[in-house]
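Full structure from sequences and hints, please.
Each chain, letter by letter, is given below.
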Amino acid sequence: MIPYLARRLGGVVLLLLGITFVVFGMMYLAPGDVTLMLVPNVPSHEQIGALRREFGLDQPLPVRYARFLGQLVHGDLGTSWIDRRPVLPQVLDALGYTVRLAASALALSLVLGLAAGTVSALRSRSVADDVVMTATLLGISTPVFVTGLLLIYCLSFRLGWFPTSGAGSWRHLVLPSLTLASFLVAYNARMMRSCLLEVLGQDYVRTARAKGLAERRVWGVHAGKNALIPMVTVLGLQVGLLLGGSVITETIFAYPGIGQLMISGITARDTPLVQGCVLVSAAGFILVNLLVDLSYVVLDPRIRLTGR
Amino acid sequence: MPAPAPDTVLAREESPPVPASGRRRAAGALRHRRAAIGVGLVLALAGAAAGAGWLAPHDPVASDLGRRLLAPSAEYPLGTDWIGRCLLSRLLYGLRLTVLVGVVTVLAGGGLGVLLGLVAGFYGRLWETVIMRGTDLLLSFPYFLLTIVLVAVLGASLLNAMVAIAVWTTPHFVRVVRAVTLSLREREFVEAARALGRTEAGILLRHVLPGCAAPLVVQASVFCAQNMLMSASLSFLGLGAQPPSPELGAMLAAGRAYLRVAPQVVAVPAAGIFVAVLAFNLVGDALRSVVDRRTPGRP
Chain A
1133 MIPYLARRLG GVVLLLLGIT FVVFGMMYLA PGDVTLMLVP NVPSHEQIGA
1183 LRREFGLDQP LPVRYARFLG QLVHGDLGTS WIDRRPVLPQ VLDALGYTVR
1233 LAASALALSL VLGLAAGTVS ALRSRSVADD VVMTATLLGI STPVFVTGLL
1283 LIYCLSFRLG WFPTSGAGSW RHLVLPSLTL ASFLVAYNAR MMRSCLLEVL
1333 GQDYVRTARA KGLAERRVWG VHAGKNALIP MVTVLGLQVG LLLGGSVITE
1383 TIFAYPGIGQ LMISGITARD TPLVQGCVLV SAAGFILVNL LVDLSYVVLD
1433 PRIRLTGR
Chain B
535 MPAPAPDTVL AREESPPVPA SGRRRAAGAL RHRRAAIGVG LVLALAGAAA
585 GAGWLAPHDP VASDLGRRLL APSAEYPLGT DWIGRCLLSR LLYGLRLTVL
635 VGVVTVLAGG GLGVLLGLVA GFYGRLWETV IMRGTDLLLS FPYFLLTIVL
685 VAVLGASLLN AMVAIAVWTT PHFVRVVRAV TLSLREREFV EAARALGRTE
735 AGILLRHVLP GCAAPLVVQA SVFCAQNMLM SASLSFLGLG AQPPSPELGA
785 MLAAGRAYLR VAPQVVAVPA AGIFVAVLAF NLVGDALRSV VDRRTPGRP
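Order-wise, the sequence lines are chains A and B. Per our numbering, residue 1133 is the first one in the first sequence, and the count goes up by one each step. Per our numbering, residue 535 is the first one in the second sequence, and the count goes up by one each step.
Please keep in mind that the hints were generated in silico from the structure rather than gathered at the bench. Incorrect hints may have been included.
Rough simulated footprint, nothing fancy, chain A against chain B, three-plus residues with beta-carbon under 8 Å [what the hints assert, rightly or not]:
#1 632-638
#2 667-677
#3 720-732
#4 815-825
The calculated label-pair distances, taken between Cβ atoms and stated as ranges, are [unchecked claim]:
#5 B/689 / A/1178: 24 to 32 Å
#6 A/1430 / B/778: 51 to 59 Å
#7 A/1300 / B/574: 42 to 50 Å
#8 A/1178 / B/634: 42 to 50 Å
Virtual Cβ for every residue (Gly too), placed ideally from N, Cα, C.
Structure, rendered in structure tokens:
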């Protein structure tokens, strides 16, 4: 266990290093002089020179990257080029909002998706299965922003139940959560269906049936539990989907999460802010997937983790 | 009376239901209908994309401020937007862009992925290490974030969005092709081709690549849908096509402000994106069920 953990953590650090390299390299190789856009009116040479010194842009690229990594190790993501505030507190603040949104959307989509997927698998090739499969296909094909605007139109404009934007109360969270969840329900239902179908074809399910167990026990105890193990993997991947989907959801509902912060950073060409958002998102994604891998040991006693 | 063969009881999940009940037959018909609808929609999309120039009643970017936010009429079958542009014409040209983006990004990104996957799977060693590490790195970005970052760097335009989406597509194709190539590399027919003196490139193209065809077709269709969605999403965020381009995502973003007064301004592009993505997903789904049946053991 310990050697495995050490190896995995080492891998995570390397992967994060790779991500900083890619993000840093891309942001700084971007065409156009950013400083020109940050100075109002027509900037003088002195103004531009001062800005470039302030941001460290007068240094060669490897030096800048080394300095960036040095700051990163100390938990410093640099300061915003626009409002000169440190990036990390801003990102963490926004992350809190995003986590709240993502968690409620994930919970909602798991409940609905697992239920629909189970019905679909247990009544495989029935009308119910077909309805679920058709519905999930429609769900997968609906862009997040279309769902969001549809919800705004129906539940906000027509019925006036929920506010269309902002954050604060639970009422603000309803529409964004529904929007983001709709994106995932379909994935969850399809995944649950195929996992369960796979398990239902296994020998131990046959055995359980052969020894005369009630179908309810066969599904609940023998099939259900084992079908959930691959679902946990998907859970890790879903954090990625959630982060991506929340960028759009947050934009539609003016929800102050990390996605909106990133888009505003991109629009303002605030490189350190964008870098911070991407790094924190990617790190969260990678860590969740590490936790998912570790949770296998608990869920599936057949798996033994080794250092190799 | 002979006892029923044990298989008829145990294999009821796998075997096709021979004496199909009415409901089962209904479900089967629905499943086939989904595939047929998908193919029909894709053909219709291709028609709309190719014939946008003839089918569109008006110029998609010509505005007429005297005819703003009109309801559907004979002259403007889907109504007009907030500066009096014909929504039907914009929809048709938008569908053309959407289909174009989907197909081109899959051809470019997927094509590169196929090439890299073949090399990684067939030659192994350093090639494989470098290509697969790069693939892992790209895939470790949360979904959609990689394209956003790329567009942020390159600048917001439809072309840059397409480049970013193609880059995002590549690692997914690398994985599929490499996996198939690995399994084909040691097969007898590859050895035979080598013994007959075929060049490495010849073996890859004539003997290994065709083996990847089935999973690739599924992958291409699914990613076509995915990429159209992503392009519309980027444009919606203001990172893709810019107004006045009739790109559907950009139309939606700009039309949002008129959702309350003239819902058709939002509904038309929304329906366009939905139908286009659905069409390719339907086809991909149908293809997948055919391919999965042919290659047992695939998850």
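Structure-based check of each hint:
no. : hint                       : in the structure
1   : 632-638                    : violated (count 0)
2   : 667-677                    : holds (count 6)
3   : 720-732                    : violated (count 0)
4   : 815-825                    : holds (count 3)
5   : B/689 / A/1178: 24 to 32 Å : 28 Å, holds
6   : A/1430 / B/778: 51 to 59 Å : 56 Å, holds
7   : A/1300 / B/574: 42 to 50 Å : 47 Å, holds
8   : A/1178 / B/634: 42 to 50 Å : 47 Å, holds
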